[in-house]
Amino acid sequence: MTEEIIRLERVVKEFRRGDTAVRAVDGVSLTIGRGEFVSIMGKSGSGKSTLLHLMSGLQQATQGSVRLLGRELSQLKDDDLTLLRRTHVGFIFQFFNLLPTLTALENVALPLLLAKVRTSVAEAKALELLKTVGLTSRAAHKPDELSGGQMQRVAIARALAGDPPLLFADEPTGNLDSASGEEILLLLKQMQIDRGQTIVMVTHDAKAAAYGDRLITMRDGRVLDDQLTGGMVG
Amino acid sequence: MGGLAVKHGILGILAGRPCHGYELKTEFDNLTAGLWELNVGQIYSTLERMVKDGLVESYADEGPGEDRKMYRVTQDGLKDLETWLSRPPLKARPLRDELYVRLGLLVEKDLAATLDLLDSQRRVYHLQMAELTRQKIGVVRAHGPDRVRREMMLDSALFHVEADLKWIENCEARLRALGGKEE
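Order-wise, the sequence lines are chains E and V.
Per my numbering, the first sequence runs over residues 1 to 234.
Per my numbering, the second sequence runs over residues 1 to 183.
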């Protein structure tokens, strides 16, 4: 395997439900290397989304070790964790999570502005990213003037704004029709092929999962299967 | 059934241009984006029969080399092709799968073995789906003139594998509900 980006060792995540503890993730160990496109599949309640949240530091493990880019997440202070996430991780969500009052360009530039990048530089970078996702002509549009597929493309551009080594996608096609969904998956695949982007995607859809080249199947909080499904596409 | 499709596929290709026998294999594989691959033997035996039936005729190519036999379609062949293309829609494909027999033999006897069988079959389908998706990504990125045809063929295969996977999941859920927790 190439350079290691994520390492999980015997990770457990418990939630309290009344008096009982429910194990959403139950002893998962795995590593993900740079440049991989990993799909995580499972039914709702299988622990797949919790696993993604643990990997990305959005949630803390109850037991075990989560290392992201060599840093042990449980040992980071909140500020450091936030900084690590902001600078090294991009997120794409099912419901796009764009700010409705900002234009596409401003949405993409926002993470850079928050990171104190100069406005002119941030906007130039945002424009370049909108070009990459094929939306140059929509730069001045607000989210409600865009289709679902276009909004998700803006979200991808925003996720890539800080050139994060790692991109997390949580059901990125879950709210799209199948044609727009395919466009989004193809775009993610292009990011992997052309830019070497590492991608971890959670989905319940086998056809979406097939865009990855490694498939992790979750059941009852455990890894049921971890199979390599592909080589590189030329 | 399959034989008729092979015959008319070849007629259709020859209606476009005369071909050598070995070219027909590539052209036929291409027609269905690789979903239906023929062996050269099948091509030549089909050609032979069609020559006998007067649908195709062979002639010697002018160029150098040994076996330069070319094939072209006749008027009768064209008529035959036209009739075939305008025939009523096909019957639904037969629902027949070796997996049904294996599953049928196991399901009431050995729950664990049945779940294992479904598990390993699921892995195979995921691999197949990833391979088809790779082909599809290649087609889209290549932007060739045959993109629509190839995507349509690959989508057909993908939808079928998707259905197989959904069915496997459905079986697993059913059996796990029956047999309690199984791991």
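Treat each hint with caution, since some may be false.
Claimed, not checked - No farther apart than 35 Å at their CA atoms in a straight line, the calculated lysine-lysine pairs in the DSBU-like style are these:
no. : chain 1 : residue 1 : chain 2 : residue 2
1   : E       : Lys43     : V       : Lys52
2   : E       : Lys77     : E       : Lys43
3   : V       : Lys109    : E       : Lys43
4   : E       : Lys116    : E       : Lys131
Bear in mind the hints are in silico, worked out from the structure with no lab data behind them.
These numbers were taken from a predicted model, which means no experiment stands behind them.
For the pair supplied as a hint, V/Lys109 and E/Lys43, confirm whether the alpha-carbon distance does not exceed 35 Å. Within the cut-off at roughly 27 Å; holds.
Verify the proposed pairing of E/Lys43 with V/Lys52, using a straight-line Cα cut of 35 Å. violated (58 Å)
Does the structure keep E/Lys77 and E/Lys43 at a Cα separation of 35 Å or less? holds (33 Å)
Going straight from one Cα to the other, do E/Lys116 and E/Lys131 come out at no more than 35 Å? Holds: E/Lys116 and E/Lys131 sit about 23 Å apart, inside 35 Å.
Checked against the numbered hints above, the structure breaks only hint 1 and satisfies the rest.
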